[in-house]
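S.K.: Each chain, letter by letter, is given below.
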Amino acid sequence: MIYQLTVPAAVPGVEEIRILEWHKEPGAAIETGDLIVELETHKAVIEVRAGQAGVLRQVLAQAGDWRTIGLPVALFSSDASEELPSDAAGASAMLVEFEVT
Amino acid sequence: MSDNSIPIVKRMFFREAIAKAVREEMTANPRVFIMGQDVGAFGGSYREFDGLFAEFGAERVRDTPVAEAATIGIGVGAAAAGYRPLVSITYMDFMMLGFDALINYGAKSRYKTGGQLTSPVVVKTTAGALGQGVAHSQCIESWLMSVPGLKVVAPSTPADAYGLMKTALRAEGPVVYIDHKRLFPIPGDVPMEETAIPFGQAVVHRAGLDVTITSHSFMVRVAMEAAKKLEEAGISSEVIDLRSLAPLDMETVAASVGRTGFLVTLEEGQTTCGVGVEVAAQLYERIGARPWARVGALRAPVSSNPVLEPACLPDAARVVQAVHRLLGR
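Quick note, the sequences are listed as chains A and B, same order. Each residue of the first sequence is one higher than the last, beginning at 5 in my numbering. Each residue of the second sequence is one higher than the last, beginning at 97 in my numbering.
Be aware that a few hints might be false.
Heads up, simulated PhoX-like pairs for lysine-lysine below, C-alpha to C-alpha not over 25 Å straight-line [unchecked claim]:
(1) 204(B) to 106(B)
(2) 28(A) to 47(A)
(3) 262(B) to 204(B)
(4) 47(A) to 262(B)
(5) 47(A) to 106(B)
Sample of chain B residues at the chain A side, in silico, Cβ under 10 Å [stated by the list, open to error]:
(6) 105
(7) 110
(8) 111
(9) 158
(10) 159
(11) 162
(12) 277
(13) 278
(14) 280
(15) 282
None of these hints come from the bench; they were simulated from the model. Backbone N, C-alpha and C define an ideal beta-carbon position, used for all residues, glycine too.
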């Protein structure tokens, strides 16, 4: 199954974030609790951690890129061999936990 | 072919635009220094001075206690002694504590001394309501516009925050530079080449034919939202961001209302003796009578209560309503 990681609405009033740093690369196996990416808001940094296991398949936004809340930034799959869709719009949301630091 | 190695603009947070301007001016002029609460290691109350303490040190980035009267007073005095202080007052409400020093000494020294003493201090302060209650929400820029010798500016975008701060730190002061709590989350493109924006220059954010809406600071975004809604109702709005409140760019406003025929002024502060009435009065002096209306906060202190606060403040719906009523359609 394919999952998309969308920018969480973690901080009230924030509409847009900047990708700070990816902590996993495409191909990496993800366990629950793993730090996937850090996002920057005007006030604080958000640590996005996996809420489920899977494989990171594709990064859709690089460090320094800006993304609006709700837009996808990465694709995951339960299985490393699953074929990626050309359009990820229908993919389920990847479960994540986020911490505002 | 353009040079691809240096970007012309860079998208950044509002606070980063301020930091960029301050860094550039502190590098260019050793007499620029910062004073205020949390400006040092903390990087600024809104992180707008991030990195400056590490770069310039404690001599030039000075933390002060919670003592706005003293901080503003020292800033005014240091400026008169030849420095260019940037005094950071986290909440515009507490500028009131420094009015005597800023107005009676800062703004008036040029007049009192026949030009021998001037006080080029920049008081940077953050206005606006964001759930923090009656003494941490005020927009009192209209109180300052009438002070002879005082300049007042209010950016609404990161690019303007950058450009106006550069000018402020070079200006014949004193200057009050007003940003807004609700502007900090909003990123925007800022020129990478050093660019100052002169005072006394408004900017048209949206061209229109049927009505002119003037505003400043965060309310410019509300005006743009209202303009979008009005477009759907068949009314074309011209939205002007004043940017500079003292001096006001009445040439741009008058040219606009001369074409549209109607003026709606929008501010987050009180409409009584507000920014809007000054714009309307000066417009009348320039081009004669035109129908106009003012939109601002209701006549009450802005509560932190989550129901009362939005009820008190202007929103796009209220602006749309005012335009419909003014135009009679």
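S.K.: Which hints, by number, does the structure contradict?
M.R.: 1, 6, 9, 10, 11
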